[in-house]
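Once you've looked at the hints, dock chains V and Z against the given chain C.
Protein chains in written order, with our numbering: chain C, 11 to 440; chain V, 971 to 1147; chain Z, 126 to 678.
Among the clues, some could well be false.
[Unchecked claim] Pairs of lysine-lysine residues, derived as PhoX-like cross-links and limited to a Cα-Cα distance of at most 20 Å, are as follows:
#, chain 1, residue 1, chain 2, residue 2
1, C, K46, C, K160
2, Z, K312, C, K195
3, Z, K277, C, K370
4, C, K81, C, K58
5, V, K1070, Z, K355
6, V, K1070, V, K1133
7, C, K81, C, K52
8, Z, K165, C, K202
9, V, K1070, V, K1132
10, V, K1101, V, K1117
11, C, K202, Z, K207
12, Z, K277, V, K1132
13, V, K1021, V, K1010
14, C, K46, C, K155
15, V, K1117, V, K1070
16, C, K109, C, K23
17, V, K1021, V, K1101
18, Z, K204, Z, K230
19, C, K58, C, K246
20, C, K416, C, K308
21, C, K202, Z, K204
22, V, K1073, Z, K355
23, V, K1055, V, K1117
24, V, K1055, V, K1073
25, V, K1073, V, K1117
26, V, K1133, Z, K277
27, Z, K230, Z, K207
Just so you know, these hints were derived from the structure itself, not from any lab.
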Amino acid sequence: MPYEPLLLRNAGKPGSETIDAYLASGGYQGLRRVLKESTPEKMVEEVKASGLRGRGGAGFATGVKWGFLPKTRDKPRYLCINADESEPGTFKDRLLIEKDPHLVLEGIILSAYAIECRTAFFYIRGEFHQGCRVFQRAVDEAYAKGFLGKNILGSGYDLDLVLYRGAGAYICGEETALLESLEGKRGLPRIKPPFPAIVGLYGCPTIINNVETLANVTLIAERGAAWYATIGRPPKNTGPKLYCLSGHVKRPGVYEAPLGVPLMELIEERAGGLLRPDRPLKAVVPGGSSMRILPASKCDVLMDFDSLVAAGSMLGSAAVIVMDAGTCMVWALLSLARFYAHESCGQCTPCREGTGWFVKILERLEAGQGRPEDVDLLTDVANKVEGNTICPFGEAIAWPVQSYVKTFREEYEEHVRRKGCPLAATATVS
Amino acid sequence: MPLKGTPVKRAAHAGLLAATYLPSILKGMWITLRHIFRRKVTMQYPEETWKLPDNYRGLPALVRDDQARVKCVACFLCEYVCPPKAIHIEAQEIPTGVEKGPKVFDINMLRCIMCGYCEEVCPEQAIFLTKEYTTVGVNREEMIYHKDRLLEMGGIRPDPIKKWAHLTAEAGSGTHR
Amino acid sequence: MAEPKEPQQPPSPPPGPALPAAGPDDVSLLIDDRPVVVRKGTTVLQAAEQAGLLVPHYCYHAGLSIAGNCRMCLVEIEKAPKLQIGCATAAAQGMVVRTQTARVKSTREAIMEFLLINHPLDCPICDQAGECRLQQYEAAYGAGRSRFNEEKVHFPKRYDIGRNVVFDAERCIKCTRCVRFCDEVSKTHELALFDRGDHAIIGTFPGRPLDNPYSGNTVDICPVGALTWKPFRFRARVWFLRDVPSACAGCARGCSVNLATYNNRIHRITPRQNMQVNRFWICDAGRESHAPLSERPRLAGPRALAACKGGPQQEAAWEEALDRAAELLRETAKAHGSGALAGIVSARLSVEDLHLARKALSEAAGIPRLGVPPHVEGEDDHLLIRRDRTPNAKGAALAGPGAPHAGRVKEILEDVAAGRVRALVVVGEDPLGDGLIDAAALGRLDALIVIDWWKSPTAEAAHVALPSCGYGECEGVLVNFEGRAQRMRAALRPWAEAEPTWRILRELGRRFGLAGEYPTASAVFDEVAATVPAFAGLSHRALGGLGAVVKEA
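Bound-form chain C, shown alone:
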């Protein structure tokens, strides 16, 4: 049975980013229904019932997250939309923003209504020039048509949306660093607790949701939680998901499938299989660069939150990075480590010093100056970074280091023994 795309139903059609096209395809009907028939409380219940889990990385149940807001109303509540999509290998939110901004916008308005927020902030990655332009136009259109602003669709509900461009720091995808950045400060993660639901933007209760999560809220509003909960692998992994395939595949790109699609089906059928027939699959990072790597032998796995945890990794942002047999795992990790060393915010000790240390060790290994003790040192330093940092950035570098070294230990030792990279001549990334 061919899968009918839900999130990407409009993407790719000409003019899909305009409000006219969106309205013509039945857009904003969910919003109309909810504003007319529902209440914020019912909306929260509906999202809870749908089983929707956050698409940003951690997979926390969205409705439950909304429920953490304090019951008091003495302070304004804010909704922040995390569109600072910077995880290497991840480009799904960008597609939604550029190709179907109103799907996202409708989800934002619905979610803001559900949590009784009057001002929402759309924090978009600074490098998304096109996305920013498209989304600003969408916001302007929505204001013009009365979907944003005062008294939306005559319901008495007011919502303003502020589009805020980041300055291109990976760390600002971490929700509290995002808040700091939004407040005009340096993007440094905050200490938790207190969590943003209690003390967030400008000290007020704040919900931070991912772009794709909010697009899913639109679907729930359109067709109901009961329908939504049947998609994927109920009860805990429901709904459609965007998967970003990159690396050594024939057709890299964003593909939509329900949660729980087999990983190999994505690689073989959607992305057209491996790039070069002479090089078999070596490993896959299933959830964006900060997740643990799966060797080819473990790639027979379903792409959903719980199956991947069972397999020893995580769904993360569902960015599937495929590596074939020509990939040097030291080089791959070095490449990642350089990224993380560059992006570490420099606030807390283990991450600030550890990320740079990884790079130095890996550079030596790759250059043939490795020492036998370096292999264990990498793991040990990673163990000392993991869990001891302010934000999950520590894990984001510790997990790859731990898993690459553990899974491909032989290759690291080979680098030490042969004083260099055995694959140096062939290693490529397409």
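Relative to chain C, chains V and Z alone:
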């Protein structure tokens, strides 16, 4: 109180031959004669000097590195550790390279006991005990050795560890990675 | 990167080991099996401190907000899967905290290793050596070895970050205490963290160096040797210094300070925590208030004019100079009546000095008018600095000749100029140098007796100049603008023949029949306590380290 004692026994009492002192003289000359053929032990000091073992502890002195830089950074550890308090240092800021060095470095050689604690404690390997042991001066002031004299005594001591190389090469301007 | 997990429901407190009962505003918890009761809102680190346990930390400072970035204070809390930072975790009822487990220890070792991999090994030239947290904690919690064999990250060293502060970026551990100080305490916002990762660096904004009246505190709170105080740079190694607790005499605040002395010299002044006065801070001016001691020419011994007027000052023995002073005062009183005598007494002097100024000059010598000049400069600021620069104005009002009063001083000096006052006693003031009177007018006096610690212009013009102790050379009590009496302590031996002012006044007074014994400053203060109601019940001992509030009517 009158002194009491026993009279000295003169040679005369020992007999006539002894009274001539000849046996004693000959005995003495025999000893002298024997020593003529033995290895000489007298050293013609100061033309000749002792051959000192490597671990000999003589007067302390300051050394320069192979770039003729004063190695001492005026950390005051030797002043702190010196048992007879013979060392007096005043630090100064140096505009280039290593930030700090001695403005005044005095060792009072009248106090110095050549224990070698200063050499042992020095984190920069800047002070060493030389094999010099002749200290002369006509007044106390002369026995306080100042920085220049100590550096002259120590001379240049090449060091394989170039701890400050990155600073001395770029004259204090740090570089980002 | 994964989004952080939302908070779990707090676990219900376990039945566990017996916890002490806590009041409604308290919580009780176990730290290393020690029961502790603390106020609600106390952090685990502070609770441990109350229980006498040190949780090592770099970025935490009691006077600043919580940053939680050094990760040194990670402790194990039962039911929390990860280690938690003690500085940011609030103590909760029934919490079980462990600070000595193998996991905590190995994490501390790891944090020390991380902090040191890019830290230069320049302890021999670093002024912080000896009071450096890195040294202390590496000895106590570190592994004592390094596995780092790479080139360290290099940064600017000896960076001139402000008027009085030098920054060594290589030594910096990015605890951001200095940044937070400038944001939260001085509120001048000069510093910030720039760049990222292991090349993150503290810096200033273009054209705005670290230059505020409190910049020295960033040096104090820097746990390593990254920020150094220019005037103290390379002056002394800290292990030679001896801290003497005292009070600052720079303004009416009277901050609690430590005078760090070595070789009979104050090398630096640092704040001493006193939550009632200055909390943790002092101003830069107070920090350098010891400088005049070595910069200004001192009065080495008593000096007196030869019998003929206009001759040069000559050194004199103490007895001789005191006799001469008494004789001059007596002669003037005889010739022109006691109305021709006046005195100017400084409110920078201690309560003891001022008390004896009143006893000796007013009561014994019969000087009818004593003026106390005010010293006012600028405005009170938001933190510590007071426009009233006299540290003991309140003491002068309560126990001395009266509160500072510009009009009275002006009147006296006008009378000097007009020849109505023929003999003037000046104690600790410099009216000539301060421009309150000109040299010609002062020259009309038959007798000018000056008691001061330095060769001020007034002292140079005196008929008799008597050397008193400078700041830090004598004991005494100051009463700040809020009425808190604090002790100044003698940290140095008096310079040359200098004597405490109260003792000079005692000797002068005795020449006019002053009766009291007054063997020590503390005995003088006991008399103040016995005779002045505001000081009732106080004594040097009772004032202790933090002082006590006088009872004002």
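We went through each hint and held it up to the structure:
1. K46/C x K160/C: 16 Å, holds
2. K312/Z x K195/C: Distance of about 16 Å is within 20 Å: holds.
3. K277/Z x K370/C: This hinted pair holds, its Cα atoms lying about 10 Å apart.
4. K81/C x K58/C: 17 Å, holds
5. K1070/V x K355/Z: 13 Å, holds
6. K1070/V x K1133/V: The given pair, whose Cα atoms are some 14 Å apart, holds under the 20 Å limit.
7. K81/C x K52/C: Holds, because 15 Å separates the two Cα atoms, which is no more than 20 Å.
8. K165/Z x K202/C: Answer holds: K165/Z to K202/C is near 18 Å, not above 20 Å.
9. K1070/V x K1132/V: 16 Å, holds
10. K1101/V x K1117/V: Given pair K1101/V, K1117/V holds - Cα atoms ~18 Å apart, limit 20 Å.
11. K202/C x K207/Z: Satisfied, since the Cα-Cα distance of roughly 13 Å is no more than 20 Å.
12. K277/Z x K1132/V: Given that 20 Å is the threshold and the Cα spacing comes to 15 Å, the pair holds.
13. K1021/V x K1010/V: 16 Å, holds
14. K46/C x K155/C: 17 Å, holds
15. K1117/V x K1070/V: 15 Å, holds
16. K109/C x K23/C: Holds, because 8 Å separates the two Cα atoms, which is no more than 20 Å.
17. K1021/V x K1101/V: Holds, at about 10 Å.
18. K204/Z x K230/Z: 19 Å, holds
19. K58/C x K246/C: 11 Å, holds
20. K416/C x K308/C: The hint holds at about 14 Å.
21. K202/C x K204/Z: 17 Å, holds
22. K1073/V x K355/Z: 17 Å, holds
23. K1055/V x K1117/V: 16 Å, holds
24. K1055/V x K1073/V: Distance of about 18 Å is within 20 Å: holds.
25. K1073/V x K1117/V: Roughly 8 Å between the alpha carbons, so the hint for K1073/V and K1117/V holds.
26. K1133/V x K277/Z: 12 Å, holds
27. K230/Z x K207/Z: 14 Å, holds
Consistency with the previously given hints is maintained throughout, with no hint failing.
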